[in-house]
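Engineer: Note that the protein sequences, when read in sequence, are chains Z and B.
What the first sequence shows, in the working numbering, is residues 1 to 137, in sequence order.
What the second sequence shows, in the working numbering, is residues 1001 to 1089, in sequence order.
Since the hints were made in silico from the structure, they are not lab data.
These numbers were taken from a predicted model, which means no experiment stands behind them.
Each residue gets a CB set at the ideal place from its N, CA and C atoms; glycine is no exception.
Wrong hints could be hidden among the right ones.
For each label pair, taking beta carbons as the anchor points, the in silico distance ranges come out as [unchecked claim]:
hint, chain 1, residue 1, chain 2, residue 2, range
1, Z, 60, B, 1077, 15 to 23 angstroms
2, Z, 109, B, 1007, 23 to 31 angstroms
3, B, 1074, Z, 109, 15 to 23 angstroms
Straight-line Cα separation of at most 20 angstroms, EDC-like style, residue types lysine to aspartate or glutamate; simulated pairs [stated by the list, open to error]:
hint, chain 1, residue 1, chain 2, residue 2
4, Z, 90, Z, 6
5, Z, 90, Z, 102
6, Z, 42, Z, 32
7, Z, 29, B, 1086
8, Z, 90, B, 1056
9, Z, 90, B, 1062
10, Z, 90, Z, 63
11, Z, 42, B, 1086
Counterexamples of contact, computed for chain Z against chain B with all Cβ distances above 10 angstroms [unchecked claim]:
hint, residue
12, 6
13, 25
14, 39
15, 48
16, 54
17, 70
18, 104
19, 106
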Amino acid sequence: MDLLIEILISLLVVVGGVFGLVGSYGLAKLPDLMTRLHGPTKATTLGVGAVLIASMAFFLWREATLSSHELLITLFLFLTAPITANFIAKSFLHRQVDPRRDLPPTGTDYGWASFDAPPETADDEPNSLSGPRGREG
Amino acid sequence: MITYALVFALACFALGLLLNLYRLAVGPSTADRVLALDTMVINGIALLILYGIITETAVYFEASLLFAMVGFISTVAYCRFILRGDIIE
């Protein structure tokens, strides 16, 4: 039984290390920022998640106590990675990309949401009863 | 067996830190550098957790939790600064 747990923990640690390395390598190698975002947000988060699960299993096996700190860290990292990626992508879009020249047309009267204000419709009016929920009834 | 796996993972994350440092130095845009710093924080958390497994103490969990929070907040603040020129409007 001990051997089985050791194999499981070692496997998780090795998988975490490989994923972390792949994420950082992607950050260094990929050609521009929008592709570079994929490495850290997916691979590195998965690698840290595997390491945290390994740590949880290790302390459960050694000291027979289930610590909630790893779960907290995992939850926090998994929640914040997409937010960080969204912020970085948005700042990149506003600094480096010309919306008239670099982006494809949206096919409507209005531009991309990050650059143009959203179109005003009847649903947006304050105190309006004809919202999406009221229209169904 | 766990020791070898831990050494392997430590080497992987340390190499990852070096690759992040390369991206931090080369750039080319500010958003790239912010992304590299954010990834460095995540790799540092992994290193702390692995070191905690090696020394078999639970002391480093609080440190890594603080690291995660400070890293997230600093990344968001830097992005706001790039976008708006100000952090708290």
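Engineer: If a hint holds in the structure, say so; if it does not, say that too.
Structural biologist: Right, here's what the structure says about each hint:
{"no.": "1", "hint": "Z:60 with B:1077: 15 to 23 angstroms", "verdict": "violated (36 angstroms)"}
{"no.": "2", "hint": "Z:109 with B:1007: 23 to 31 angstroms", "verdict": "violated (60 angstroms)"}
{"no.": "3", "hint": "B:1074 with Z:109: 15 to 23 angstroms", "verdict": "violated (39 angstroms)"}
{"no.": "4", "hint": "Z:90 with Z:6", "verdict": "violated (43 angstroms)"}
{"no.": "5", "hint": "Z:90 with Z:102", "verdict": "holds (15 angstroms)"}
{"no.": "6", "hint": "Z:42 with Z:32", "verdict": "holds (16 angstroms)"}
{"no.": "7", "hint": "Z:29 with B:1086", "verdict": "violated (32 angstroms)"}
{"no.": "8", "hint": "Z:90 with B:1056", "verdict": "violated (41 angstroms)"}
{"no.": "9", "hint": "Z:90 with B:1062", "verdict": "violated (31 angstroms)"}
{"no.": "10", "hint": "Z:90 with Z:63", "verdict": "violated (45 angstroms)"}
{"no.": "11", "hint": "Z:42 with B:1086", "verdict": "violated (29 angstroms)"}
{"no.": "12", "hint": "6", "verdict": "violated (5 angstroms)"}
{"no.": "13", "hint": "25", "verdict": "violated (6 angstroms)"}
{"no.": "14", "hint": "39", "verdict": "violated (8 angstroms)"}
{"no.": "15", "hint": "48", "verdict": "violated (5 angstroms)"}
{"no.": "16", "hint": "54", "verdict": "violated (7 angstroms)"}
{"no.": "17", "hint": "70", "verdict": "violated (7 angstroms)"}
{"no.": "18", "hint": "104", "verdict": "holds (21 angstroms)"}
{"no.": "19", "hint": "106", "verdict": "holds (22 angstroms)"}
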